[in-house]
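Chemist: Below are the chains, spelled out letter by letter.
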Amino acid sequence: MTAKLLDLTGIGKDRLHLAWVSSAEAQRFAQIAGEVTASIKEQGRLDARAFDLELEAALMTVNGETLRWLVSKELKITTEGDVYGRKWDTASYESIMDSVLAREYHKNLIYLAIERGNESVRKISAQTGLELKKVSYLLADLEKTNRVAFDRMEDHKPVFAVL
Amino acid sequence: MTDFEPKIVAFLCNWCAYAGADLAGVSRLQYPSNLRTVRVMCSGRVDPVFIISAFKEGSDGVLVAG
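Chains as they are written, first to last, in the working numbering: chain A, 569 to 731; chain B, 5 to 70.
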């Protein structure tokens, strides 16, 4: 899931590596250290300042209730079933998690864009790279959950503020 | 840019990967020094928050080994 999130931010899942090394596999550890270093070296330096908005939004997303609930309930819902008694298979559950991940991430991105002064839909779209329709759609969600509010009209266009 | 040395944060689980790294050290095996190790008691402790924060704080890569 974190790999998918890194892909969404533009940083790329190849910067995150996972390895299983037993305490007896010293040689393998050295080998993995070499491989990971070579892989990151090839990808070059990561400029955290260039990805500042995206990283902040990613942090908000993994810290957020929605994702954390989904992750923690996965085992129960795919084995015993949900509160309605339906059993979910892992693949459909994970595909739901993926779409919620993208949605929450984009919502947080929009929230932060507004906080940093991009208050109209066009400015948000320019800052985040999301299309206008998507920004409007997710803004409605943010308004519904009282995270963002309509502030005033500027030049016949609505302008928003964070709450 | 050919002498760019990446900073990689490595979350190592105490019983397996960290012990493996320790054994590599004792056996005098050579490997790149770009890994900044963080010992955790179990790789399951590693939260996505740690990983994103590592990138936020300026690491170029993250390794989780268990």
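Please keep in mind that the hints were generated in silico from the structure rather than gathered at the bench. It is possible that part of the hints are untrue.
In silico DSBU-like cross-links for lysine-lysine, where the CA-CA straight-line distance does not exceed 30 Å [stated by the list, open to error]:
hint, chain 1, residue 1, chain 2, residue 2
1, A, Lys712, A, Lys641
2, A, Lys702, A, Lys691
3, A, Lys644, A, Lys655
4, B, Lys60, A, Lys702
5, A, Lys641, A, Lys725
6, A, Lys702, A, Lys712
7, A, Lys712, A, Lys691
8, B, Lys11, A, Lys572
9, A, Lys581, B, Lys60
10, A, Lys691, A, Lys655
11, A, Lys609, B, Lys60
12, A, Lys581, A, Lys644
13, B, Lys11, A, Lys609
14, A, Lys691, B, Lys60
15, A, Lys701, A, Lys725
16, B, Lys11, A, Lys581
17, A, Lys644, A, Lys609
18, A, Lys572, A, Lys701
19, B, Lys60, A, Lys641
20, A, Lys644, B, Lys11
21, A, Lys641, A, Lys581
22, A, Lys691, A, Lys581
23, A, Lys725, A, Lys712
24, A, Lys691, A, Lys725
25, A, Lys581, A, Lys701
26, A, Lys572, A, Lys691
27, A, Lys655, A, Lys641
If you want a taste of the chain B side facing chain A, the calculated C-beta under 8 Å gives, among others [said to hold, decoys possible]:
hint, residue
28, Ile12
29, Cys20
30, Gly48
31, Val66
All C-beta atoms, glycine included, are put in the ideal place defined by N, C-alpha and C.
Chemist: Would you mind marking each hint as holding or not holding in the structure?
Modeler: Taking the hints in turn, this is what the structure says about them:
About 25 Å separates the Cα atoms of Lys712 of chain A and Lys641 of chain A, which keeps this hinted pair within 30 Å; it holds. A distance of roughly 13 Å separates the Cα atoms of Lys702 of chain A and Lys691 of chain A; the hinted pair therefore holds under the 30 Å criterion. A C-alpha spacing of about 9 Å is found between Lys644 of chain A and Lys655 of chain A, which places the hinted pair at or below 30 Å, so the restraint holds. Restraint check for Lys60 of chain B and Lys702 of chain A: satisfied, since their Cα atoms lie roughly 26 Å apart, inside the 30 Å limit.
Our distance criterion of 30 Å between C-alpha atoms is broken by Lys641 of chain A and Lys725 of chain A, whose separation comes to about 42 Å. For the given pair, Lys702 of chain A sits about 16 Å from Lys712 of chain A by alpha-carbon distance, which is consistent with the 30 Å threshold. Straight-line distance between C-alpha atoms of Lys712 of chain A and Lys691 of chain A comes to about 21 Å, which keeps the hinted pair within the 30 Å bound. Note on Lys11 of chain B and Lys572 of chain A: the hinted pairing holds, with a Cα-Cα distance of about 22 Å set against a maximum of 30 Å.
For the hint pairing Lys581 of chain A with Lys60 of chain B, the CA-to-CA distance comes to about 15 Å; that is within 30 Å, so the pair holds. For the suggested pair Lys691 of chain A and Lys655 of chain A, the alpha carbons sit about 43 Å apart, so the restraint of at most 30 Å is broken. Our distance criterion of 30 Å between C-alpha atoms is met by Lys609 of chain A and Lys60 of chain B, whose separation comes to about 18 Å. A threshold of 30 Å between alpha carbons decides the hint, and for Lys581 of chain A with Lys644 of chain A the separation of about 28 Å falls inside it, so the pair holds.
Distance hint between Lys11 of chain B and Lys609 of chain A is fulfilled; the C-alpha atoms sit about 9 Å from each other, no more than 30 Å. At most 30 Å may separate the alpha-carbon atoms for a hinted pair to count; Lys691 of chain A and Lys60 of chain B meet this at roughly 24 Å. Among the hinted pairs, Lys701 of chain A with Lys725 of chain A is consistent with the structure: their alpha-carbon atoms are about 15 Å apart, no more than 30 Å. At roughly 16 Å between alpha-carbon atoms, Lys11 of chain B and Lys581 of chain A fall within 30 Å of each other, so this suggested pair holds.
For a cut-off of 30 Å, the pair hint linking Lys644 of chain A to Lys609 of chain A is broken: about 40 Å separates their Cα positions. For the proposed pair Lys572 of chain A and Lys701 of chain A, the alpha carbon gap of about 23 Å is at most 30 Å, so the pair holds. Of the pairs offered as hints, the one joining Lys60 of chain B and Lys641 of chain A holds, with about 28 Å between alpha carbons and a cut-off of 30 Å not exceeded. Distance check on the hinted pair: Lys644 of chain A and Lys11 of chain B sit about 38 Å apart at the alpha-carbon level, beyond 30 Å; violated.
Among the hinted pairs, Lys641 of chain A with Lys581 of chain A is consistent with the structure: their alpha-carbon atoms are about 24 Å apart, no more than 30 Å. The hinted pair formed by Lys691 of chain A and Lys581 of chain A meets the criterion: a straight-line CA distance of about 28 Å does not exceed 30 Å. Only pairs whose Cα atoms come within 30 Å are accepted, and Lys725 of chain A paired with Lys712 of chain A is accepted, the gap being roughly 20 Å. A distance of roughly 11 Å separates the Cα atoms of Lys691 of chain A and Lys725 of chain A; the hinted pair therefore holds under the 30 Å criterion.
The straight-line distance between the Cα atoms of Lys581 of chain A and Lys701 of chain A is roughly 27 Å, inside the 30 Å bound, and the hint therefore holds. A threshold of 30 Å between alpha carbons decides the hint, and for Lys572 of chain A with Lys691 of chain A the separation of about 26 Å falls inside it, so the pair holds. At most 30 Å may separate the alpha-carbon atoms for a hinted pair to count; Lys655 of chain A and Lys641 of chain A meet this at roughly 12 Å. The interface hint given for Ile12 of chain B is met, as the beta carbon of that residue sits about 6 Å from the closest beta carbon of chain A, less than 8 Å.
With 8 Å as the threshold, the beta carbon of Cys20 of chain B comes within range of chain A, its nearest partner Cβ sitting at about 5 Å, so the hint holds. Violation of the interface hint for Gly48 of chain B is found here, the shortest Cβ-Cβ separation to chain A being roughly 12 Å, above the 8 Å cut-off. The beta carbon of Val66 of chain B is positioned within 8 Å of a beta carbon in chain A (closest approach about 5 Å), and the interface hint is therefore held.
In the structure shown, a violation is registered for the earlier hints numbered 5, 10, 17, 20 and 30, in ascending order.
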